[in-house]
Each structure stands twice: as C-alpha cells, then as structure tokens.
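Novice: Okay, here's what each chain looks like letter by letter:
Protein chains: 2
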Amino acid sequence: METAILTQSETLTLPRPLALDCGRSLEGVQVAYEAYGSLSASRDNAVLILHALTGDQHVASPHPITGKPGWWARMVGPSLPIDTDRFFVICANVLGSCMGSTGPASAAADGAPYAMRFPVITIRDMVRAQVELLGALGIEQLHAVVGGSMGGMQALSLAANFPERTSAALIIAATARHSAQNIAFHEVGRQAIMADPAWRGGDYYAHGKGPEKGLSVARMAAHITYLSEAGLTDKFGRNLQDRSEKTFGFDADFQVESYLRHQGIAFTDRFDANSYLYITRAMDYFDLAEEHGGKLANAFAGSSARFCLVSFDTDWLYPTTESRQIAHALNAAGKPVSFMELSAPHGHDSFLLDVPALDRVIAGFLRQ
Amino acid sequence: METAILTQSETLTLPRPLALDCGRSLEGVQVAYEAYGSLSASRDNAVLILHALTGDQHVASPHPITGKPGWWARMVGPSLPIDTDRFFVICANVLGSCMGSTGPASAAADGAPYAMRFPVITIRDMVRAQVELLGALGIEQLHAVVGGSMGGMQALSLAANFPERTSAALIIAATARHSAQNIAFHEVGRQAIMADPAWRGGDYYAHGKGPEKGLSVARMAAHITYLSEAGLTDKFGRNLQDRSEKTFGFDADFQVESYLRHQGIAFTDRFDANSYLYITRAMDYFDLAEEHGGKLANAFAGSSARFCLVSFDTDWLYPTTESRQIAHALNAAGKPVSFMELSAPHGHDSFLLDVPALDRVIAGFLRQ
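Going down the list, the sequences are from chains A and B.
In terms of our numbering, the first sequence has 123 at position 123, counting the first letter as 1, and numbering is strictly consecutive.
In terms of our numbering, the second sequence has 138 at position 138, counting the first letter as 1, and numbering is strictly consecutive.
Incorrect hints may have been included.
Where chains are identical, the list cannot tell them apart; a pair therefore holds if satisfied intra-copy or between any two copies.
[Stated by the list, open to error] Cut-off 35 Å, straight-line C-alpha distance, at most; resulting in silico cross-link-like pairs (DSBU-like, lysine-lysine):
hint, residue 1, residue 2
1, LYS246, LYS335
2, LYS209, LYS246
3, LYS68, LYS209
4, LYS246, LYS235
5, LYS235, LYS335
6, LYS235, LYS295
7, LYS246, LYS295
8, LYS68, LYS235
9, LYS235, LYS209
10, LYS68, LYS246
11, LYS335, LYS295
Hints listed in this document are in silico derivations from the structure and should not be mistaken for laboratory results.
Based on the sequences and whatever the hints tell you, model everything.
Specialist: Printed below as a string of structure tokens:
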C-alpha cells in the first residue's frame with residue numbers, strides 16, 4: 001500500500017464562541033486537524049473521519065508521541081478504501097481531547113489549565129466543533145462522514161443535527177445510546193482515575209505526571225471490553241509470560257496480564273487523564289433518541305443522506321443489536337440504509353484491525 | 001420459609017501443618033465454620049457448602065458486619081432445598097479469606113500480619129483445609145458437596161483430588177479453568193488495589209483503613225461481570241439518580257453509577273484487600289485439567305460421585321460452554337452427570353438470587 005501524503009496539519013482557532021449543550025460557551029476553541037488529498041474545485045469530494053475515545057487527528061500520519069503509524073493508516077491513502085487520490089480526507093482531534101484541540105489541559109482565560117473547570121461536553125458539542133471546521137475549510141456538504149465507535153456516534157449526531165452537511169454517513173461498531181453496562185465500565189475507569197491521589201481533583205498539571213496509575217487501571221478495564229473473549233483466548237489463553245511454571249506470586253505470570261499492564265502504562269504516555277474523564281462522560285450522555293423527543297426515527301427526519309451501518313459479530317461493547325436498532329429507525333424514517341454484520345474475531349477493536357470485508361464495504365460505499 | 005438454626009459456629013485450629021501447592025506449608029491454620037442441623041449417627045448426611053470469592057461461612061446466619069441475612073439463607077434451612085431438618089450442613093470460610101480463617105491479615109509466627117508474606121494459595125489448597133475440617137468433624141464421606149462460582153471450582157477440586165470424600169458434587173455457574181478474560185478482569189482489580197498508595201505493599205494493617213479506594217474500584221469492575229447486560233438494562237437502563245435532568249458534571253447522574261459506587265464502598269467495610277489479591281490469584285491459577293496431565297477427564301478418574309452441573313443462560317463470566325466442557329469430560333470418564341442450563345435474567349449472580357428452577361434442581365439432586 002502507498003502511504004498517504006499529509007497535505008495539511010493545522011490548528012484552527014474558531015472565530016466565535018462555541019455554544020455547548022450544558023448552556024455554557026467556550027471562547028477561542030482550537031481544532032487540531034489533518035487533511036490528505038486535494039479538495040476538488042466543486043468542493044464535493046471531502047470525507048470527514050471521526051475518531052474514537054482515545055483516537056486523534058493522526059489518522060494516517062505517524063503519532064508524534066508513540067511514533068506508530070496513524071490509527072487508520074491501513075484504510076486511508078492512495079488506492080486504499082478511503083482513497084486520498086480521490087477524496088479530500090479530513091480528521092480533527094475532538095473537543096475535550098488532548099492532541100491539540102481544546103480540552104481540560106488547555107489554558108483557560110486566566111492562563112491556567114481548565115482542569116475540572118472545563119465544561120462537561122456532549123457528542124453533539126464535538127460535532128459542533130467539527131462543523132465549524134468544515135465551515136472554515138469552505139466545505140458546505142461532505143461527500144461522506146465516516147466513524148467507528150465514538151466516531152460512529154459523532155457521525156450519527158452530525159447526520160441528525162446537521163443534515164445539510166453530509167450526503168452520506170458510514171457508522172461502524174457504534175450505538176445510538178450508551179447502555180447501562182457501557183456507562184458502568186466508564187464509571188469504573190473514572191473512579192480509578194479519581195481514586196488516584198495524584199489526580200488532585202484534576203489539578204495535576206503543575207505537579208509532574210498526574211494520575212498515571214489510575215489512568216492505567218482505567219485503560220486496562222476498558223481494553224478488556226474492546227476485545228472478544230474468544231480473541232483473548234486465541235491470543236493468550238492461559239499461556240505463561242517468559243516462564244515455564246507459575247511463580248506463586250503477583251508478577252504477571254500470564255501473558256494476558258503482562259499485555260494488559262503494558263496497554264495501561266503505554267496509554268498514560270499519550271493521553272490526559274482529565275480528557276479521559278470528559279470524553280467518557282460525553283459518551284455516557286449520548287442518547288440520540290432522547291435528543292429528538294424520545295424517538296430515534298425522528299432524529300433522521302431532516303436527513304437526505306445515504307447511510308451504511310456496520311457491526312461485528314464478536315463486538316460485545318456495541319453489539320449488532322445496537323446497529324440493528326439504528327437501521328430500524330432509519331427504515332422507519334424512510335431513509336436509504338444498508339446494514340451488515342461482519343464476521344471478525346477481534347471484538348469491538350475489529351474496526352481498527354485487518355478485516356478485509358470492512359475495507360470492501362467502505363470502498364464500495366464511498367464510491368457510490 | 002423457616003430460618004435455619006445455627007448449631008455450631010467455631011474456629012478449628014488444624015493440629016498439623018497444611019502443605020500447600022507452592023511448596024510451603026502453613027502452621028496453626030484456622031478454619032472458621034458454621035454448621036446447621038444434626039449429624040446422623042451413621043455420619044452420612046453431611047452437606048458441605050463452598051463459598052464464592054467474597055463469600056464466607058455465614059451461609060444462613062446474619063453477617064456479623066453488615067447484619068444482612070446469610071448469603072444463601074434462601075437455600076439453607078428447614079424445608080428449604082438444602083434442608084437442615086435432614087442434612088448436617090457445613091460452610092467454612094476459605095483459606096486466604098478474612099472472616100476467621102487464616103489469611104494475609106492473620107498473625108504470622110512473629111506476631112505481625114502475614115500481609116504479602118502469606119503464601120500464594122490455590123483452589124486445591126483451600127480444599128485441603130476443608131478436608132481437614134471434615135476430618136476433625138469425623139465425617140469420612142459427604143452426602144454432597146455444593147458450590148457456586150469459586151465454590152463450584154472447590155467442589156470440582158474436592159471431587160477430583162479427594163474422591164473418597166464425597167458421594168455427590170453439585171457445581172453451579174463455575175468453570176474448570178479460568179479463561180484469559182477471567183484473568184484479565186481479576187488483574188484489573190489487583191492493579192487497582194496495588195495502585196492505591198494506602199496499600200503500602202500490603203503492610204497497611206497498622207495504618208488505618210487500607211486501600212479502600214483501590215478495593216472499591218476492584219469491586220466495581222468485578223461487579224459488572226456478575227450481572228448480565230440485559231439485567232443491568234432492565235434494572236437501571238439510563239435512568240437518572242434522584243434528578244430529572246443530567247447535571248453536566250461528574251456526580252453519579254445515572255442510577256447505575258450510584259449503584260456501582262455503593263457496591264464498591266460497601267464492600268470495603270467487610271473485606272480485606274490482601275485477601276482479595278490472594279483469592280483472585282488462586283482462581284486465576286485454577287486449571288483442573290492442567291493438574292491432571294492436561295486432560296480434564298483424567299481429573300475424575302478416581303471418583304465414584306454423582307455430578308450435577310448447572311449454568312445460567314445470561315452468565316457471561318462462566319458461560320454455559322464452560323459447564324458443557326466439564327460435562328463432556330465427565331462423560332468421557334464414564335461418570336454419572338446431569339447438566340442443565342437454567343434461564344435466569346441476573347447473569348452470573350443468578351446462583352445467589354431468586355431462581356426457583358435452581359431450588360428444584362438442588363432439592364432434587366440432594367434427595368437422591
């Protein structure tokens with residue numbers, strides 16, 4: 001595969017305050033984004049990619065901290081499913097995150113980090129910032145909006161709340177509302193962070209490293225939900241880590257323990273704990289039907305977009321039933337929708353991994 | 001229902017050292033137990049109940065700390081499925097726990113608590129202590145051994161390793177080995193405890209309350225795995241806690257958050273964090289096939305017991321497939337086994353809750 005060529009990596013400062021669902025508004029919001037490919041003269045070939053909870057704008061460029069390839073480098077580039085020879089591909093760091101867009105680690109008007117003074121935001125607030133970015137780039141209507149997991153929630157929200165802004169929406173491994181179990185897992189993560197004395201009520205920025213242990217535990221718990229039980233068994237089973245016998249101790253005897261600990265610790269190098277609190281809260285608050293009078297079909301009443309929904313058979317975080325409910329609502333609203341459950345062993349994380357059927361679905365949907 | 005009459009609540013001190021799987025042995029092991037009903041003259045009516053991870057000997061008597069009814073008061077008593085008019089019912093706190101049996105909070109030879117000097121124990125070690133108790137009570141062979149979850153693991157281990165000790169084994173919502181996902185969830189809990197500075201490497205006994213925040217997070221994460229997704233949705237859905245609107249804050253807006261926080265905090269009043277580390281480790285180490293040359297059927301070669309296996313259709317911690325593998329192994333070993341999956345909405349915790357079909361299975365199996 002050819003590597004995508006980054007054509008723009010910039011930070012836009014919104015010229016006007018961003019009004020939020022909580023009733024507050026934020027001044028001077030920054031939106032860090034990347035773009036690949038060229039915008040056509042008629043400005044009709046833009047594809048907006050929306051990232052997941054811990055993702056960022058580095059969709060197909062190396063991550064500046066980890067040095068790893070962009071999180072969807074396998075999907076975005078010349079001749080790849082999201083073809084940068086054809087499409088002008090944009091990906092922006094979400095509001096509330098920590099990779100250049102305004103979030104709790106950003107300076108408030110008094111020059112100190114917002115920390116917990118940052119307003120509680122919603123998925124719709126994130127989308128408002130994305131729409132402001134489109135305006136600044138002179139894009140009235142997207143060819144398509146594409147997102148997996150929390151990116152799929154944003155794609156749904158954009159199609160519902162800014163229907164004139166996109167002619168197609170591709171939603172992968174997502175849900176139209178967070179379930180009690182989803183909220184419960186996020187709450188465990190938040191409590192793990194807040195239980196860490198290094199969190200200091202959120203005011204840790206001037207005090208070294210912050211709540212790394214709590215954030216690591218939060219990531220470990222979440223990571224389990226991203227993988228399937230069968231996938232974990234195939235990958236690790238009960239294999240021991242660099243030893244032939246159990247040690248009768250509390251070291252990471254099992255490979256799965258060592259892997260999880262590594263996932264937790266590595267995460268703290270690249271992510272802000274307060275951003276984790278705010279973004280998980282936004283996801284928990286997400287209930288697209290509730291925003292539209294309690295009926296999901298109503299959310300799509302104003303849309304003239306084509307929809308495509310994809311779920312994975314081993315995803316137990318946002319299982320196929322969640323996508324099916326969205327498909328039913330779109331059908332009830334009389335909107336064009338294709339919906340497919342793909343078979344893949346990786347659980348929720350399948351949308352980030354090597355699933356050739358997903359490549360074909362995305363390429364095919366964007367070509368229409 | 002009539003209340004069970006406690007006939008004995010005692011602590012036995014083992015007269016000889018208990019040899020452990022790790023190679024060490026423990027001197028002066030104490031086993032706190034309760035008994036209900038009367039042992040028959042022929043000593044053939046004893047039923048040993050084995051408790052789960054955070055259970056204890058108070059199977060049908062009020063818990064001394066919480067004041068709540070015994071954890072299986074609905075199952076154990078006169079005319080109840082485990083009928084104390086008919087059976088002599090015994091339940092002992094497991095080795096490594098904190099309700100009177102020897103564990104990490106107990107005094108070592110130097111008078112100070114073992115803390116992390118306590119040896120890493122196994123499910124089989126717990127069973128060794130139970131068998132010593134049977135010896136002290138003069139019970140050569142049990143009428144039946146009964147256990148759910150980790151209690152089921154002990155029941156399997158007892159039937160496999162001490163086959164002469166029981167004529168029947170009833171195993172509920174259990175597994176013959178901990179899966180990678182099971183280990184992963186336990187590791188999250190252990191890391192949450194160890195990340196709490198109040199844990200102090202395990203030496204917190206002389207320093208106030210110990211790692212309450214870490215233990216609370218561990219309990220919250222585990223608690224999610226005990227419930228079904230549908231059960232959580234039925235019980236809580238996205239209902240708000242004592243408010244009509246979201247607060248756009250980090251309070252427990254949702255009932256499920258409030259419930260989980262309560263579960264976490266309440267747990268720290270009654271459980272020792274180091275015990276949680278040791279008992280989860282014992283469960284992770286459990287692999288009955290591995291103990292018997294890698295073939296589960298071999299584990300049961302010496303047994304002449306009747307077996308009954310029960311799983312619940314909404315249990316995703318130890319799902320039906322786990323019980324089915326045990327049933328296959330018992331069939332391969334030519335042992336009498338009945339196996340049923342019961343339908344119940346509560347997930348793994350179904351074995352503790354009101355599931356009338358379980359009552360009938362238990363009563364019927366014990367009557368044979």
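Novice: Now tell me, hint by hint, if it's right for this structure.
Specialist: Hints and how they fare:
In the homo-oligomer, the alpha carbons of LYS246 and LYS335 lie at most 35 Å apart only across protomers (31 Å), although the nearest pairing inside one protomer, at 57 Å, exceeds that limit. Taking the closest pair of Cα atoms, LYS209 and LYS246 come within 35 Å of each other both inside a single copy (34 Å) and across two copies (32 Å). In this assembly of identical chains, the alpha carbons of LYS68 and LYS209 lie at most 35 Å apart only when taken from the same copy (22 Å versus 43 Å across copies). For a Cα distance limit of 35 Å, the shortest separation of LYS246 from LYS235 inside one copy, 19 Å, qualifies, whereas the shortest one across copies, 41 Å, does not.
In this assembly of identical chains, the alpha carbons of LYS235 and LYS335 lie at most 35 Å apart only when taken from different copies (33 Å versus 40 Å within one copy). In the homo-oligomer, the alpha carbons of LYS235 and LYS295 lie at most 35 Å apart only across protomers (21 Å), although the nearest pairing inside one protomer, at 41 Å, exceeds that limit. Only between protomers do LYS246 and LYS295 lie at most 35 Å apart by alpha-carbon distance; the minimum there is 19 Å, versus 54 Å within a single protomer. Proximity of LYS68 to LYS235 under the C-alpha cut-off of 35 Å is restricted to the intra-copy arrangement: shortest distance 21 Å within a copy versus 42 Å between copies.
Proximity of LYS235 to LYS209 under the C-alpha cut-off of 35 Å is restricted to the intra-copy arrangement: shortest distance 32 Å within a copy versus 39 Å between copies. For a Cα distance limit of 35 Å, the shortest separation of LYS68 from LYS246 inside one copy, 33 Å, qualifies, whereas the shortest one across copies, 38 Å, does not. Taking the shortest alpha-carbon separations for LYS335 and LYS295, only the intra-copy value of 15 Å comes in at or below 35 Å, while the best inter-copy value is 55 Å.
Going through the hint list in order, the structure satisfies each hint without exception.
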